[in-house]
Amino acid sequence: MTMRGWPFIKLLPQKTNFQFVKYARAAGVLSVVLCLAAIVGCFYPGLNMGIDFRGGASMEVAKPAGQVIELDRVREAVNTLSLGDVQVQGIARRDSNANDGSTAIVRFQVPEGRNQTQVVQQVEGAISGAVGEVTYSGVSVVGSKVSGELFTSGLLALGVAIGLMFLYIWFRFEPQFGFGAVIGLLHDVILTFGLIVVMRLEFSLNMVAAILTVIGYSMNDTVVVFDRLRENLRKYKTMPLRDVIDLSLNETLSRTIITGVTAVMVLAALAVFGGEALFGFSIALMFGIIIGTYSSIYVGAPIILLWGVKRGALVEDAKPVKLGMASRP
Amino acid sequence: MIQLSRWKVTLVVLSLIVGVLLAFPNLLSPQQRASLPGWLPKNALNLGLDLQGGSYLLLEVDVPAMRQARVANLVEDVRVTLREAGIGVNQLQREEGGVVATIANAGQYDAAFQALRTLGGATGPSGEVERAATRLSDNRIRFGYTDTALNGMGTTAVDQSIEVVRRRIDSLGTREPSITRQGADRIVVQAPGESDPTQLERVIGQTAQLTFQMVDVENSVNDAVAGRVPPDSQLLTDEQGTPYLVKRRILVSGENLTRAGVGADQSGRPAIDFRFDGTGARRFGEATAQNIGRPFAIILDGKVISAPTIQSAITGGTGQITGQFSIEEASTLVNLLNGGALPAPLNVEERRVVTAELGADAVAAGGLSTAIGFAIIVVFMILAYGFLFGGVSVLGLILNGILIVAAMSLTQATLTLPGIAGLILTFAVAVDANVLIYERMRDEARAGRSVIASMDAGFNKAMGTIIDANLTTLVAAAIMFVFGAGPVRGFAWTLTIGVFTSVFSSVLVAQVLLAYWLKTAKPKKLPIAE
Chain A
19 MTMRGWPFIK
29 LLPQKTNFQF
39 VKYARAAGVL
49 SVVLCLAAIV
59 GCFYPGLNMG
69 IDFRGGASME
79 VAKPAGQVIE
89 LDRVREAVNT
99 LSLGDVQVQG
109 IARRDSNAND
119 GSTAIVRFQV
129 PEGRNQTQVV
139 QQVEGAISGA
149 VGEVTYSGVS
159 VVGSKVSGEL
169 FTSGLLALGV
179 AIGLMFLYIW
189 FRFEPQFGFG
199 AVIGLLHDVI
209 LTFGLIVVMR
219 LEFSLNMVAA
229 ILTVIGYSMN
239 DTVVVFDRLR
249 ENLRKYKTMP
259 LRDVIDLSLN
269 ETLSRTIITG
279 VTAVMVLAAL
289 AVFGGEALFG
299 FSIALMFGII
309 IGTYSSIYVG
319 APIILLWGVK
329 RGALVEDAKP
339 VKLGMASRP
Chain B
2 MIQLSRWKVT
12 LVVLSLIVGV
22 LLAFPNLLSP
32 QQRASLPGWL
42 PKNALNLGLD
52 LQGGSYLLLE
62 VDVPAMRQAR
72 VANLVEDVRV
82 TLREAGIGVN
92 QLQREEGGVV
102 ATIANAGQYD
112 AAFQALRTLG
122 GATGPSGEVE
132 RAATRLSDNR
142 IRFGYTDTAL
152 NGMGTTAVDQ
162 SIEVVRRRID
172 SLGTREPSIT
182 RQGADRIVVQ
192 APGESDPTQL
202 ERVIGQTAQL
212 TFQMVDVENS
222 VNDAVAGRVP
232 PDSQLLTDEQ
242 GTPYLVKRRI
252 LVSGENLTRA
262 GVGADQSGRP
272 AIDFRFDGTG
282 ARRFGEATAQ
292 NIGRPFAIIL
302 DGKVISAPTI
312 QSAITGGTGQ
322 ITGQFSIEEA
332 STLVNLLNGG
342 ALPAPLNVEE
352 RRVVTAELGA
362 DAVAAGGLST
372 AIGFAIIVVF
382 MILAYGFLFG
392 GVSVLGLILN
402 GILIVAAMSL
412 TQATLTLPGI
422 AGLILTFAVA
432 VDANVLIYER
442 MRDEARAGRS
452 VIASMDAGFN
462 KAMGTIIDAN
472 LTTLVAAAIM
482 FVFGAGPVRG
492 FAWTLTIGVF
502 TSVFSSVLVA
512 QVLLAYWLKT
522 AKPKKLPIAE
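Protein chains in written order, with this note's numbering: chain A, 19 to 347; chain B, 2 to 531.
None of these hints come from the bench; they were simulated from the model.
Given the structure is predicted, the values throughout are model-derived calculations rather than measurements.
Warning: the hint list may mix true and false statements.
Computed spacing ranges between beta-carbons, pair by pair [as the list claims (entries may be wrong)]: (1) A:Ser146 with B:Gln291: 52 to 60 Å; (2) B:Leu5 with A:Leu48: 50 to 58 Å; (3) B:Ala133 with A:Met67: 48 to 56 Å; (4) A:Ala55 with B:Leu22: 52 to 60 Å.
Backbone N, C-alpha and C define an ideal beta-carbon position, used for all residues, glycine too.
My request is simple: use the sequences and hints to build the entire structure.
Right under this line is the structure:
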């Protein structure tokens with residue numbers, strides 16, 4: 019084998035010397051600004067809540083391929099039932115992934131005190147009356163009581179996830195690492211919410227699962243960096259902290275890039291071929307993974323620099339058994 | 002660490018065999034699976050409703066409404082009991098869980114208390130007193146449910162409702178429905194393959210509260226329609242909207258029904274034959290004997306079905322409900338009556354329907370994206386690490402895929418559409434363990450170690466990181482499982498299985514294969530190092 023550069027991994031520079039920490043301040047400012055914007059965005063214009071979280075009904079309406087559903091007439095017809103907020107939106111056909119105007123999604127509210135089943139039947143009648151025979155698939159109705167509970171438990175899940183991650187890192191590493199990791203996580207979650215707002219993605223139960231996965235991935239990434247950082251702190255006892263951080267980030271960079279690229283590529287395939295139902299989900303995941311990678315480099319590690327690490331104590335404690343198997347010399 | 006130890010080889014081979022065996026039924030059609038010999042595993046992946054189509058209903062048992070109805074019935078019981086005992090009442094005041102009667106004549110106070118105490122003799126399922134009379138000051142007597150009975154009502158109602166819903170769905174012939182309790186007062190019904198939830202809801206939602214009540218002939222229906230309804234009567238209508246004035250007191254209710262069947266009336270039209278239990282037969286016999294020549298109403302869920310005139314005392318405990326039924330209506334009614342009455346109204350809180358076509362489309366989209374995702378990883382890993390190291394992780398990935406399918410089939414965990422996405426992501430992250438190991442090896446080789454030493458160190462040092470990294474994913478998955486509902490849970494479960502199988506297969510397969518390579522090729526240089 020004399021082929022140079024094969025396998026490809028040899029093309030990546032052997033040793034990188036990026037001075038990540040040098041730009042940490044600028045990155046920090048950027049992150050803070052973006053996070054603030056995302057938080058504001060969550061309230062104004064606000065999240066595009068799916069029926070999981072705000073209650074109501076959604077149904078998919080389709081005509082055979084090639085025929086067009088007149089969205090305006092559907093909208094008018096449903097509006098005459100005075101149900102309040104009605105959304106009618108054309109979507110891509112499931113069998114061809116092409117939006118030829120033959121498929122639409124109709125979302126509406128079921129007013130308090132009215133029978134869900136009856137309202138759905140009325141809407142179906144109204145739509146058939148306006149645009150002729152259509153097929154209905156994927157009808158969902160969520161009562162306002164249930165949607166409220168789903169929303170609370172969804173947010174609770176996100177909160178508990180971040181809390182548990184903090185505890186985990188605290189026990190496995192040091193409190194400073196825990197803070198770094200948690201601020202990194204919050205950063206990723208907030209920015210993912212920002213993306214959901216900007217792209218008008220529907221915030222649904224699936225989206226909560228996506229954000230939880232982003233948390234898992236981002237944590238995964240952070241742990242790999244922290245692991246190396248802890249190891250290097252022991253190895254190079256006198257090296258300035260910022261240099262140890264830079265070194266650790268550089269050493270794990272090729273892994274970070276390879277894993278991140280694989281995940282993003284695969285999610286891109288999911289976004290393109292997974293159909294309407296998984297589109298928003300995979301976009302959010304993809305974005306979250308990119309942000310998660312960025313944050314483990316630019317948020318998690320620099321925060322440790324900000325707080326500092328009790329290196330003396332750490333060196334004293336550096337007995338393999340006490341700090342887990344990663345610290346085996 | 003990196004040596005071809007026998008137990009590791011055995012473990013890899015064994016997991017491959019077991020994995021293939023457990024995953025294999027997924028390639029067969031349901032008929033082929035059924036004809037497999039008994040010792041072979043038969044379970045295929047358990048597809049969620051979003052993938053196979055079907056209906057999901059979240060029902061809430063309306064316990065407050067049931068309590069109200071029970072108390073309303075109590076008021077009538079007290080009114081009639083006191084009247085029959087010839088005791089005058091000034092006021093009957095309904096309150097939480099009971100009624101307070103103010104006795105007009107102080108001399109009759111003891112007699113009234115006695116009468117009500119006898120009325121309260123009914124005991125609950127475990128034999129305790131459910132209803133009791135209490136003496137209050139100022140000639141008042143409180144008659145009501147005990148606190149225990151009132152609190153137990155909700156739990157019992159949900160249990161009974163689940164039972165009733167199950168019987169009714171079974172009579173529809175829907176395949177493998179799942180009916181589970183959720184929280185204190187909710188029932189989840191999942192019916193795979195059932196994409197007409199309207200029928201399902203109609204059958205489930207009907208309370209099927211059948212009662213026999215006397216028609217009020219002393220007062221005029223027209224007066225009642227005009228708003229002057231006597232206190233012990235109520236105004237009901239039938240299907241056609243014809244008003245009936247009916248006494249509030251229930252003579253016999255559906256609880257005393259033992260069997261109903263479709264029959265025919267004298268003119269051969271469909272009717273419903275029914276039979277009462279002992280108590281029902283006695284009460285029905287007494288009531289009909291006392292009221293010959295007067296009409297009584299047969300009422301189902303607040304609608305009058307028919308109001309025949311009593312010709313003679315019906316003492317045998319059997320009877321017939323005639324009305325204008327079609328055969329279908331009659332058999333639906335019979336099913337409802339035989340399934341029993343719901344103790345409380347059920348409200349549909351959430352309803353999700355996926356048609357079978359939509360489910361098939363989702364499976365196709367999920368399958369396609371899994372295949373493409375898989376291919377991307379394979380190509381990428383081989384490009385990045387070459388045929389040997391890249392190939393090793395691809396083989397690990399394939400074992401991982403088999404093991405995931407095997408574990409999901411074995412545990413019958415529900416695979417949902419987001420679950421497929423979780424699977425794809427698991428594949429993407431599964432190679433992370435290999436990347437971590439390989440990158441460590443390159444580090445060590447660069448530091449000047451020998452091939453064996455750097456490979457050894459690669460596995461050793463990366464292991465801690467791999468475990469830390471995967472434990473965090475596991476924590477996230479556990480949270481999703483605890484707090485999540487429906488699709489999120491499926492996703493969490495897939496993720497959990499994926500974490501275990503991917504750590505197992507990517508680390509172990511790589512160790513065994515690379516150790517084998519080390520032994521046979523005796524390399525001088527690490528192929529992935531410069």
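Hint by hint, here is what the structure shows:
no. : hint                               : result
1   : A:Ser146 with B:Gln291: 52 to 60 Å : holds (54 Å)
2   : B:Leu5 with A:Leu48: 50 to 58 Å    : holds (51 Å)
3   : B:Ala133 with A:Met67: 48 to 56 Å  : holds (49 Å)
4   : A:Ala55 with B:Leu22: 52 to 60 Å   : holds (54 Å)
In the structure shown, no violation is registered for any of the earlier numbered hints.
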